[in-house]
Structure formats: structure tokens, C-alpha cells
Amino acid sequence: MKKILTAIVALAFFAPAFAGVIKESQAKREVDDAIQALAAMDARQELSTFLPQKEAYTARTYCNKARNFLSDSEYDKASFYAVLSTNYSKISLYKGLLAKAEKDKLESALAGAVVPRLKSVGFKRKGSTGTFTGTFDLKAIYAIKRRPQVDAIPALGEDMVGRVGELAGVLNAQKEVKVTFLAKGGSEDHAAKYADSIKTALIEKGIEAARIEVQTKKGKDSVEITLDNVHVK
Amino acid sequence: MRQQKISLIVLVLSTILFGIGCGSAKVADDSPDIFPSSVEKADADAAIADAQTAYNALGEDGSAETGKAKEFLDKAKEYANDKEPEAAWAAAIKAKSFCALSKLARETRSAGLK
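Line by line, the protein sequences give chains X and D. Read left to right, the first sequence gives residues 1 to 233 (the working numbering). Read left to right, the second sequence gives residues 1001 to 1114 (the working numbering).
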């Protein structure tokens, strides 16, 4: 009699642990799957900037909830959050892959458009190489006809600002392109000022100064810009 | 002896009632943001309808994810028939989640991404 009573009391105590439709073994398996899916998502370092924040965060919090519910022997809830966490981890990965592919596609489209972009702002391609050259006189740079005083160099003309913007777009997309200015002027000071006007505008657009090499010499006022190693595919 | 029998019956009855109580109690659940503390039949039916719509939109494509969506949708319907709204609701939400996953998986595979 005493044994029966003990058994009944024990059953009453442990009964809540067996309530619900999900078994402990299934919940454990699903929580393990969720942990693995989360680890697989975190392992994809190349996608880290493309993962959707909301889904990735949900995957993480649901995985924690699943583990907690498993510890509390609430298998239905553990299973629920584990399955959703696994799916959110995979959804994040898929969305990350799609986002990265979209970015790659846009970059390649941009690279494909490099030749017409550069041609539209006055650059000519040297054969089928990755070298482009454009020569810009005072009219093109400053919209003036006469050589200015060396201490009164005007601001870039509107057209040149547009050219610099387009050029900066290409240079920002292709970090390996090297830029060389061959500036000419009535004096070397003039030439240096002309080169400096364009160089400053490019730096303002995010181009590193170290990428631009400047040579100056006396000659007809102009700046010849050469781009080497342009990727045109 | 008679008193012992009565005590035993009372204890058995109280144990059964306690077990039933624990199985169906609508205890306030403060931590999860989507698993509700109480699921009514209408909630389960609505979740099943949503999952069915998502599954129909997906169409059978033979993928593992779609297979899982169908499996959980069928389970949800079974639980609903067995008058277990909470289990039906949870299975329906899982089915819906697999539908979303399947849709993205298909898109990713067709783009040749891994």
C-alpha cells in the first residue's frame, strides 16, 4: 500500500514534465539542429554584412529560448522555438546570399559601364588596354579662356565638377586604378595649381590622395589625366 | 481498511485532476513573444488557414522544405481534429515558417547560390 502511494505521489510530481505532444528526445534533437544552424550561419563570415538583422537576431533569441524551455522540460515550446530558430538561421543565410549576389551583379554592371562612363567625360581608351587618358584645357577645367593669375585660380567649372564626379565613381568602385596628372601651365606654379584643383575635388569625393600622382611642367595650360589598370570587363 | 481505501481513492482522484490541470492550464507565459499563453480553437484554425494559403502559393516542388511544410500542416490539422488547439497552432506556425524557408531556398537554388 505504501509503495502504491509513493508511486502515485511521484507520478503527480513528475506528471507536468510529460504533458504536451512533443517528446523530450525530439525536442533535444530539434534544439541541437537549431544550435548547428546558428553556428553554420555565424561561420559564413563573407556574408556577415549581408545577413538580415531582424531574422538573424530572431534566430539567436529563439535558439536561446528553445534551450531554456528544454532545460525547464517544456518540450512543446522548446521544439517550437528550436524549429523556428533553425528556419530563421537558414532564411538569414539565403537572404544574405541573395543580397550579396545582387551587390555583385550591380558591381559587375557598373564595371561593364566603365568604358562609356569614362568616354562620356572626355577619356579615350588606349587600344584595348585598361589605360584611359583625357586632356582638359582651361575652358574644360574652369570654363575660362585666358590663363588666370597664379594666386587667383577660379573654382572648377560646372562641367568639370560633373566629370570629377563620374571619375570618382569609377575610382571608388575600382580601388586598384592608378591616377596620374600631367599638368602644364605658363609656369610650374600654374601647373601645380591646376592639378591641385582637380586633385582636391577628387579627394573630396573620397579618393585617397596617395592614389594620385602629379607631374608638372611648363607648357600649354592643361591637365592630362591618365588612368591605369582600369578593369573594363 | 475502509478508511485506507477511501484515502487511496481520494489521492488517485486528486492526482488525476492535478495532471489534467497541469496539461491544460493557461499559465501566463511572459517570456516568449509569440507563443501565446492561451490558444483557442479559433486561433488554431486561423493559423492553419494561413499556413494552408502559404503552402498553396508554394505548390509542391519536391524539396525537403516544402515536404516539411506539408508534414507540419497535416499534423496541425490532426491536432485540431483531436481538439488540441495549442499543438495545432504551433504546428501551423512551423508549417508557415517552412513555407517561407522553402520559397527562399528555391530562389537561392535557382540563382545557383550556395
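A hint or two may mislead.
As the list claims (entries may be wrong) - FRET-style restraints, in silico, Cβ to Cβ: (1) D:I1034 - X:I203: 31 to 41 Å; (2) D:I1034 - X:D228: 35 to 45 Å; (3) D:G1067 - X:K103: 58 to 68 Å; (4) X:V232 - D:S1063: 47 to 57 Å.
As the list claims (entries may be wrong) - Calculated pairs, DSSO-like style, for lysine-lysine (alpha carbon to alpha carbon, straight line, at most 30 Å): (5) D:K1077 - X:K23; (6) D:K1114 - X:K105; (7) D:K1114 - D:K1077.
It is worth saying that the hints were derived from the structure and are not from the lab. Note that beta-carbon positions come from the ideal geometry of N, C-alpha and C, so glycine has one too.
Holds or violated: D:K1114 with D:K1077, Cα cutoff 30 Å? violated, 34 Å
So does D:I1034 sit 31 to 41 Å from X:I203, Cβ to Cβ? violated, 51 Å
D:G1067 and X:K103, beta-carbon distance inside 58 to 68 Å? violated, 32 Å
Proposed proximity, X:K105 with D:K1114 (alpha carbon, max 30 Å): holds, 16 Å
Is the distance from the Cβ of D:I1034 to the Cβ of X:D228 consistent with 35 to 45 Å? With Cβ atoms ~57 Å apart, the hint is violated.
Do the beta carbons of X:V232 and D:S1063 sit within 47 to 57 Å of each other? violated, 40 Å
Within 30 Å, alpha carbon to alpha carbon, are D:K1077 and X:K23? holds, 19 Å
Violated hints, in rising order: 1, 2, 3, 4 and 7; the structure is consistent with all others.
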